[in-house]
Amino acid sequence: MKPIPSILALALLLSPAQLLAQSAGESDEGEVQVIGTVTPICVLGEPSDSIIDLGTMIDLSGPRVGRIASIAPRTVTMPNSFCNYSNTMISINAGALVEQGGAPVNTGFSRAVNYSVSVTPWATSEAQLQTSAAADGSGAPGTANSSSQPLPQISNLTMELSGFTAPSDALLVAGDYSGLIVVTLGPSIED
Amino acid sequence: MKPNLISLLIPAAVAFAPGVALAQDGEASSSDSENFQVIGTVPALCSVGIPDNSGGVFDMGVLVDTTTGFLRTDLFAPDKTLSGAFCSSRSTISVEASAMQAQNFAGAPPSGFSSAVNYVASASGWTTTPASFNTGATTNPGATQGRDSAFTGDITVGVSNFSTAGGATLRPVADDQYLGEITVTLSASE
Amino acid sequence: MKRIIGISALALAGALASQPVLAQSAPAEGEVTIIGTVADRCLFTLPSKLIDLGELSLPGTDGNAGKLDTGQVNGASETLEGWCNGTAATMTVEAFPIENTSFTATPPSGFDRVVNFTASATANSVDGTDDSESAGAGTPVAVGMFAGPIPVVLSGASTPGGGLLVAGDYQGLVKVTLTPNTSFGQPD
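Protein chains in written order, with the numbering used here: chain A, 1 to 191; chain B, 1 to 190; chain C, 1 to 188.
Extracted from the complex, chain A is given alone in its bound form (with noise of 0.2 Å):
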């Protein structure tokens, strides 16, 4: 008599290595990080005009005949003037109007013509300048800055000239008269 082969009962009991955390079942997530960069930049809106013709600056007849006339107020705009960072200012750089001809001047006359110019608006403080030439027409051009404006900003800035002036209300040598304004929006300066 052969012998019964015997079946055996295997119960295999197999755990697979714990490859990954996820299990099925669970959802997975894929991420593309978007960046980018704003540069910072300032832009001054296009003047409405570049030169500022004053004419005949004196009078011509009357009590003050040959002195400095009462000339109005002269304005410049420079629509949607922005900076697009925070902490900038306005800086103005003015000279005198000094007539060229360069020949010394006699007591009593003068060859600048000394204005008060301001660029607004844009800070707490604005900025604003007085030019300080003297009769014969020495005198380094002026700075005069704004406060600091500490947010970015859209401005239609205005920028006037008023209180035209010759130094003693002397009179005025004859001849053409220029000066240089350069107005700058830009960082503020440290303190």
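If you're looking for bench data, these hints aren't it; they were derived computationally from the structure. Treat the hints loosely; a few may be bogus.
Pairs of lysine to aspartate or glutamate, EDC-like flavour, derived with a Cα cap of 20 Å [said to hold, decoys possible]:
1. 67/C - 46/A
2. 175/C - 26/A
3. 175/C - 46/A
4. 67/C - 52/B
5. 175/C - 29/A
Once you have looked at the hints, place chains B and C on chain A.
For chains B and C alone, kept in the frame of chain A given last:
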């Protein structure tokens, strides 16, 4: 005990316009500048100033020595002042004068008489050499004088050197109005 | 949740042994049945990418300078990779606005600090989209069984106010979620 002095380095407040490179044409940068030119003109202009309140008349009074009938030799009138004359550029001053003419006497005076009185009018204070005009001279080169720079000052107009037209031996005709005119002109020359 | 994948064999207890041994002419047969499961699953094999849009604002000094350059955003794309092994897998997309991380205060009038856009991801030729303006993910779409690239594309860029962009660094995100069918083969 000396207190410890701690010196803090405080950055100096530099007063200059932000020296950031100006934006190139069409490109924006962190600062932007615009230039403006302010221009004006002053024409060459002169004003002879304001006459003093002695009036515009040199009143010489009685012209003749009533005992001799000849022109007085001591004719005098104070100078007149034009205050605050000016020219805004280089200029010339010129004086023109006409002899004192008997206004109510027509025609040629009889022999031995004259109907005009000559004199010298001068304008001084403007130029180094006063401008002067002698009504009895044929030419008056000194009547126009120049300044080479803008000037302001008082012009003094004076009359002097009175003489009978035609000669000192003539007697002025009787007339209660002998009249001459003096013109002072300031001209700007650019 | 541990999942035991095992082979369970039928144990033939001693029932056979209790039967009388009979001399047989035909061989006796026994069976062992082997079963197993594969659960629904999705996986990103390339789960992370970066889109660098560069300068977001328009250059120059004219009237549009400083505003959003939509051309920088629209059409920008990167491709993830993944697979789902079940027929009922779904995908959702969630777009988060591109925001200024340097300037977080409320921008002054005339300025914006957020760029909104629409993100679309494509898996198995099926598109899922989402607008960054609307909170939460977009509508799930059925992608089914697939393995391959999942391109993500940006479009429809805009700013809330149409104004100037505040200077600074900007950051946004597109999240793509693949979800397998959860009704089959889940552990208890």
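Tested hints:
no.: 1; hint: 67/C - 46/A; in the structure: 17 Å, holds
no.: 2; hint: 175/C - 26/A; in the structure: 16 Å, holds
no.: 3; hint: 175/C - 46/A; in the structure: 44 Å, violated
no.: 4; hint: 67/C - 52/B; in the structure: 71 Å, violated
no.: 5; hint: 175/C - 29/A; in the structure: 7 Å, holds
This entry does not satisfy hints 3, 4, going by the numbered hints stated previously.
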